[in-house]
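Visitor: Sequence:
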Amino acid sequence: MSARFFCPEVAPGAWRAGLELELPEGAARHVQVLRHQPGDALRLFDGHGGDWQATVLAMARRSVQVRLDQPLPVHRELPAPIHLAVGMPANERMDALVEKATELGVTALWPLHTRRSVLRLSGERAAKKIAHWQAVAVSAAEQCGRDRIPAVHPVQDWAAFWGQSWPRLSAGDAAGVSAATMSAHVLTLEEGAEPWWQTCAAQATPVAVLLASGPEGGLDEAELAQARAAGAQPASLGPRVLRADTAPLQALGVWAARWSA
Numbered sequence: 031m032s033a034r035f036f037c038p039e040v041a042p043g044a045w046r047a048g049l050e051l052e053l054p055e056g057a058a059r060h061v062q063v064l065r066h067q068p069g070d071a072l073r074l075f076d077g078h079g080g081d082w083q084a085t086v087l088a089m090a091r092r093s094v095q096v097r098l099d100q101p102l103p104v105h106r107e108l109p110a111p112i113h114l115a116v117g118m119p120a121n122e123r124m125d126a127l128v129e130k131a132t133e134l135g136v137t138a139l140w141p142l143h144t145r146r147s148v149l150r151l152s153g154e155r156a157a158k159k160i161a162h163w164q165a166v167a168v169s170a171a172e173q174c175g176r177d178r179i180p181a182v183h184p185v186q187d188w189a190a191f192w193g194q195s196w197p198r199l200s201a202g203d204a205a206g207v208s209a210a211t212m213s214a215h216v217l218t219l220e221e222g223a224e225p226w227w228q229t230c231a232a233q234a235t236p237v238a239v240l241l242a243s244g245p246e247g248g249l250d251e252a253e254l255a256q257a258r259a260a261g262a263q264p265a266s267l268g269p270r271v272l273r274a275d276t277a278p279l280q281a282l283g284v285w286a287a288r289w290s291a
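Note that the sequence shown covers residues 31 to 291 in our numbering.
Take the hints with a grain of salt, since some may be wrong.
Stated by the list, open to error - Distance ranges between label pairs, derived from CB positions:
{"no.": "1", "residue 1": "Gly43", "residue 2": "Gln228", "range": "41 to 49 Å"}
{"no.": "2", "residue 1": "Gly268", "residue 2": "Arg59", "range": "21 to 29 Å"}
{"no.": "3", "residue 1": "Val271", "residue 2": "Pro68", "range": "50 to 58 Å"}
{"no.": "4", "residue 1": "Asp187", "residue 2": "Gly261", "range": "17 to 25 Å"}
{"no.": "5", "residue 1": "Arg92", "residue 2": "Arg145", "range": "44 to 52 Å"}
{"no.": "6", "residue 1": "Gly56", "residue 2": "Ala88", "range": "16 to 24 Å"}
{"no.": "7", "residue 1": "Gly268", "residue 2": "Gln62", "range": "27 to 35 Å"}
{"no.": "8", "residue 1": "Gln83", "residue 2": "Arg59", "range": "39 to 47 Å"}
{"no.": "9", "residue 1": "Glu55", "residue 2": "Ala126", "range": "21 to 29 Å"}
{"no.": "10", "residue 1": "His78", "residue 2": "Glu55", "range": "15 to 23 Å"}
{"no.": "11", "residue 1": "Gln62", "residue 2": "Ala126", "range": "41 to 49 Å"}
{"no.": "12", "residue 1": "His78", "residue 2": "Ala252", "range": "32 to 40 Å"}
{"no.": "13", "residue 1": "Glu55", "residue 2": "Arg270", "range": "39 to 47 Å"}
No lab work stands behind these hints, which were simulated from the structure alone.
Heads up, the beta-carbon is just placed ideally off N, CA and C, and yes, glycines get one too.
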């Protein structure tokens, strides 16, 4: 299979057979590392559903010129958007979470500060982390064959998410769906909460979903109350205590398995 690269330099509507373009710096460097030569085939995608067969035309020290040959009928997205709002885990676990969530089909990730969060980000440091995580999502999408790139949103507080971002998301402003088809589930280990896999199995048709989970130490009662006041419903992932980076991935995996062909 041809190597595959993300190429946002051409607007989605402008892609056409025969178009010649220069690869972005990161993709060009990767092509050079792989020792491609003029005439070699590769694949490009725009992150918005466009996937193309392409041919290397010319190699220079810092640039690679390619030609778009033909569109490829690729569609590997889940049938409805699924958003992940997470109390950011510490250390490098957020990197792995973004990577695996992208592979599992997440539409967007919302990194959140909660009362028990260990990782705290603001200002320039937060902006750099978001750019890094977005690059992780791009790399994962290239590898797994997705035709769309998940958005990694700016870091915000748990309360701000439920008070500001969630109302816009549930209204369809950020998800492209109507409020009637957008639902939210807060993942907790509360005794008596409905198991998440039962919720998934009972769903007759795919709907847009937000999954929200806490950091190390979990969510406190005030944070759970804020989510429930915004319409979120609790769900359980079973009797085992999962890590902050494992729980959302298990929940996402169950949902993806329910709607994957």
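Visitor: Are any of the numbered hints broken by this structure? If so, which, sorted upward?
Guide: Hints 2, 7, 8, 11 contradicted; others consistent.
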